[in-house]
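Trainee: Top line first, the protein sequences correspond to chains C and X.
Under the working numbering, think of the first position of the first sequence as 250, with each following residue one higher.
Under the working numbering, think of the first position of the second sequence as 71, with each following residue one higher.
Errors might be hidden in some of the hints.
Once the Cα atoms are required to be at most 25 Å apart in a straight line, the calculated DSS-like pairs of lysine-lysine come out as [said to hold, decoys possible]: (1) C:Lys418 with X:Lys229; (2) C:Lys295 with X:Lys188; (3) X:Lys160 with X:Lys230; (4) X:Lys229 with X:Lys160; (5) X:Lys260 with C:Lys418.
In silico negatives: residues of chain X with every beta carbon more than 10 Å from chain C [stated by the list, open to error]: (6) Asn130; (7) Asp143; (8) Ala146; (9) Tyr150; (10) Met158; (11) Lys160; (12) Glu211; (13) Lys230; (14) Pro345; (15) Arg348; (16) Ala352; (17) Gly358; (18) Ala376; (19) Arg385.
Beta-carbon label-pair distances, calculated as ranges [claimed, not checked]: (20) C:Ser433 with X:Gly372: 34 to 42 Å; (21) X:Arg386 with C:Arg446: 53 to 61 Å; (22) X:Pro347 with C:Leu342: 24 to 32 Å; (23) C:Leu441 with X:Asn383: 32 to 40 Å; (24) C:Leu331 with X:Asn383: 33 to 41 Å; (25) C:Ala432 with X:Ser169: 49 to 57 Å; (26) C:Tyr443 with X:Lys320: 54 to 62 Å; (27) C:Leu285 with X:Ile171: 30 to 38 Å; (28) X:Ser169 with C:Gln400: 30 to 38 Å; (29) C:His283 with X:Glu184: 48 to 56 Å; (30) X:Arg363 with C:Gln400: 49 to 57 Å.
It should be emphasised that the hints constitute simulated quantities derived from the structure, not laboratory data.
Glycine residues also receive a C-beta, built at the ideal position from the N, C-alpha and C atoms.
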Amino acid sequence: MTKDWRRVLIHILSVLPALWLFWQMSLWYRFLPHDLSANPIEYITKFTGDWTIRFLLITLSVSPITKFTGWRILKYRRAVGLYAFFYALLHFLNYMVLDYFFDWPLILEDIFKRPAITFGMVAFTLLIPLAITSFKFFIKKMAKNWQKLHQLIYIITIFAVIHNYMMVKADVLIPVIHAIILASLLCMRVYLKYNNRKASIKKQLA
Amino acid sequence: MLIKIKNSWELSENEVTAHSVYLSRREILKTVGFMGVGAASSLIMPGIALADDGLKVQPNKYDGHDIRNELTDIRAVQGYNNFYEFGMEKDDPARNSHSLITEPWTVTVDGDCENPGKFAVEDLIDFNALEERIYRMRCVEAWSMVIPWVGVSLSEVIKKLKPTSNAKYIYFETLVDEEQMPGQRRGVIKWPYREGLRMDEAMHPLTIMAVGLYGKKLANQNGAPMRLVVPWKYGFKGVKSIVKISFVEKEPNSSWMRLAPNEYGFYANVNPNVPHPRWSQATERRIGDFRRRDTLMFNGYGEQVAHLYDGMNLRRYY
Chain C
250 MTKDWRRVLI
260 HILSVLPALW
270 LFWQMSLWYR
280 FLPHDLSANP
290 IEYITKFTGD
300 WTIRFLLITL
310 SVSPITKFTG
320 WRILKYRRAV
330 GLYAFFYALL
340 HFLNYMVLDY
350 FFDWPLILED
360 IFKRPAITFG
370 MVAFTLLIPL
380 AITSFKFFIK
390 KMAKNWQKLH
400 QLIYIITIFA
410 VIHNYMMVKA
420 DVLIPVIHAI
430 ILASLLCMRV
440 YLKYNNRKAS
450 IKKQLA
Chain X
71 MLIKIKNSWE
81 LSENEVTAHS
91 VYLSRREILK
101 TVGFMGVGAA
111 SSLIMPGIAL
121 ADDGLKVQPN
131 KYDGHDIRNE
141 LTDIRAVQGY
151 NNFYEFGMEK
161 DDPARNSHSL
171 ITEPWTVTVD
181 GDCENPGKFA
191 VEDLIDFNAL
201 EERIYRMRCV
211 EAWSMVIPWV
221 GVSLSEVIKK
231 LKPTSNAKYI
241 YFETLVDEEQ
251 MPGQRRGVIK
261 WPYREGLRMD
271 EAMHPLTIMA
281 VGLYGKKLAN
291 QNGAPMRLVV
301 PWKYGFKGVK
311 SIVKISFVEK
321 EPNSSWMRLA
331 PNEYGFYANV
341 NPNVPHPRWS
351 QATERRIGDF
361 RRRDTLMFNG
371 YGEQVAHLYD
381 GMNLRRYY
């Protein structure tokens, strides 16, 4: 049992959207009034997709926030990243099971012929090894390779945002906001890296 | 099980079914459970009086009685809409469209016709000749409904306006008014919303100008006071809250063609064989259903309309 109340809070906040969704789905299943619109599967697609991207962006912002503020929150990054995978998995299962119900010809056509779906599928596939290797056992065992592998999170998030942008029919406002946040996070990283290098060179010269 | 096939002289759906019965259809279906929809409707539907605010409709041969047992719940028809003039989300139109003022309403008619001018809805549509048409509605987003529209064939409206031989196409515009249509404050689409039909499509008896559904006047979110319904085309062709009709010689540019010409064409006929660039059109989800079903060529109206497109490459003219 963890004594870190911040960690407990992060877990509670992170499962809340999923709990709400499961509750609404149970109402839908029992033909009771629910908030999933007249087209619940479409609603679930959007809901789980949006939360995946939000968690990916939060994961990417942990380290810049640490560096700018000095808050010691780096230790929570792994949990947040795993929630990104959790919502991505729901998004994927909703597509495979509820939406297309294992209609393989249509699913394969989607993946190989429609770039929007391709980007999403690639992003999800790349996320799987990251989720698997986030146990302590792998972190120790893989050492430096772990860092390298987990750099994939940049590509994954970029692909996820492209997927989001391409799936939207007319109003690109939300995907553009996601893209702007992503771009600024990436810029911050480049800036920090550049600054670090300058600082270390100065140290060496002194 | 008793299967009842309606004769043309029989009462239409809204004359025998009260609004409250429409509303409680789900509950009815639930109570009868495994009995099946056909048996349920023949047991429960007949003999219930019409509410006072209903529109009177005439019997007609295009009423779509073969799909009357598949009607989509009115709460979905009025609560799940694409009407970007009132917002981008599906429930925005129901929430935001109360600000639309539909009385009085003026429709401007111009172009190649003998009777141009400004008209009230009653000038264009004979409310004593309204018909009920139960049509499938297939959205380009791969969901569908079955809706009991009330209206008249568009051809009846066109006859009053007397297009000249120059008129090859008919063009429509939706109202532009940020005060009444708050969604127009954002330029997601270049307002006004524009649509058009080829003249032979417009004159086809299945094409209607609708003023109501479920036996009552159109709710604002469904395109009050009058909107187009072309059942063999994707839903976006059904331009809502029409304020302008033009008869033109050249193929008009519709709003969706302007926005994404590689994704939306002028014809927009429902076609399971021509995918949208970003998703398949082979299947659809009927609102209220769990599993997808196969999409029908011309949305199931091929027998009546396929001849309009003889010799046309429907992959090119999508």
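Trainee: Find the hints from earlier in the document that the structure breaks and name them by number, from lowest to highest.
Mentor: 1, 2, 3, 4, 7, 8, 9, 10, 11, 12, 14, 15, 16, 17, 20, 23, 24, 25, 28, 30
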